[in-house]
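Engineer: This is what each chain is made of:
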Amino acid sequence: MPNPPQAAELILRALLPADARECVSGDLLEEYREARVPSAGQFRADLWYWRQVGGIWLRAYWWLVAPVVLLLAFFDTLNYVSSPLGASFGLPTGLPFAVQPPLVAVGLVASAAAYGSWRTRRWQGGFVAALGVSAILWSFAVVWSNATFYPFALRAQSDPQWIAAWHWSTEHGHAPRSDTFLNWLYWDNVGSLIIAGLVLLVTSFVCGGVGAILGEVMSHRRRRP
Amino acid sequence: MAPTTSSSGFCRCDDHAFLEICDYNVVIVADILGSFEQAVLLAIVRLDDGAYGRAILNEVEMRLERDVAAGAVQATLERLERKGLVRSRLGSGTPIRDGRPRRFYTVLAEGLRALNDARKTHESVWRGFPRPLKGRG
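As you go down the protein sequences, you meet chains A and B in turn. Our numbering puts the first residue of the first sequence at 46, with every later residue one more than the last. Our numbering puts the first residue of the second sequence at -5, with every later residue one more than the last.
In isolation and in its complexed conformation, chain A is listed as follows (with noise of 0.2 Å):
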C-alpha cells in the first residue's frame, strides 16, 4: 500500500491533539489511499497531503502569528514614511527600538513552541508550532522586505548613518569599491535574511525546545483530577 510522505506524518502526529491524533491521522491515510493515489497518482497525493497537514498547522496557529506580522509590517511602514533627515512620529528610535522586532519574534515563537505542546500534550507538537511558526516569520520578512526594498531605499539614502555604513563597508572591503549604494544596499538585505533565518532557526530550537518542555509540564498539571 502506498504511504504519505513520511515527513508530513510526522509533522501530522505532532501536530493533532492527543484526542484527535488516531482518527484524524487515520482518516486522510484513508483517503490517501483509496481516493487520492489511484485518482491522480501518487505525487500528486503526496502534495494533497502535505496541503492538508499545512492547513492544520494554519488553523491551529494562525491566531498567534496574524497579528505580530501585522504589527511588524505597521512598525516598518510608519518607519518609511518618517523625514528623510530622521525624525520621526515620536516612536522610539535607537538600540531599544531595534532590539524590539528580534524580542517580539523570540517571545512569539516560545509561547508558540509552550501553547503547541500544552495544547498536544507532546513536546514534539511545540516543536513542530515553533518551527512553523519562524518559517512564516522569515517568509513573511522576505517577501515584505523584496515588495518595499524601492521605498527603504529612498528613505535610505538620505540618511546619514546608512551613507556611512556604505562608505564603511566599501573602504574595508566588505563590498566592492564601485560598488553603487542601491546595489550595497540590496546585498545586505539579503545578507541580513539570511542572518535573520539562521537566527530564527536556532531560536526555534532554544526557545522552541524550552518553551515546549514547559507546555508538556502545563499539560500534565492541567491533567491532574
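Hints were generated in silico from the structure; no laboratory data involved. Everything numeric in this text was worked out from a predicted model, so none of it was measured. Glycine included, C-beta positions come from ideal geometry on N, C-alpha and C.
Not everything, but these chain A residues come out facing chain B in the computed CB check (under 7 Å):
1. Glu67
2. Glu75
3. Ile101
Using the hints provided, position chain B relative to the given structure of chain A.
Structural biologist: Frame of chain A; chain B shown alone:
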C-alpha cells in the same frame, strides 16, 4: 430607535445587534449556524451510522462542489461537539488506515433544532424573491 422601511421593503434597525426584517417578522440572531456548520451537520444526518471524519469530508465536498480541507471539517466537528450539537464515539480501525480508529458522529436533538432554525430563517429571508435574483445593475 424605530425601524425605517427602505424601498426594498427591508427595515433598518441600526441600534440592534441583529437584523430585523419587518415583513416576515423574523429575527436573525448573531450565533446562528454558519453555512459550513450546516453542511457538516447535514452530512452527518445523511450519512447516519456511517458518519466519520473521511466520509463527512467527502460528503461536504460533494455537496459544496469544491475541495474542502480536512482540517476545516475537523475543526468544525470539534466546535459542534463543544456546542453540544453532536456527539462522537470511537469505532474500530481497518487495515487501510493501519488500524487507526474511526470517530463516528451523531447529531443530537439540539443539533437538529439548530438546523431547523437555520432553515426556517433561510427560507424566511428568501421568501418573495424571484429565482434567480435580478438586480438593477
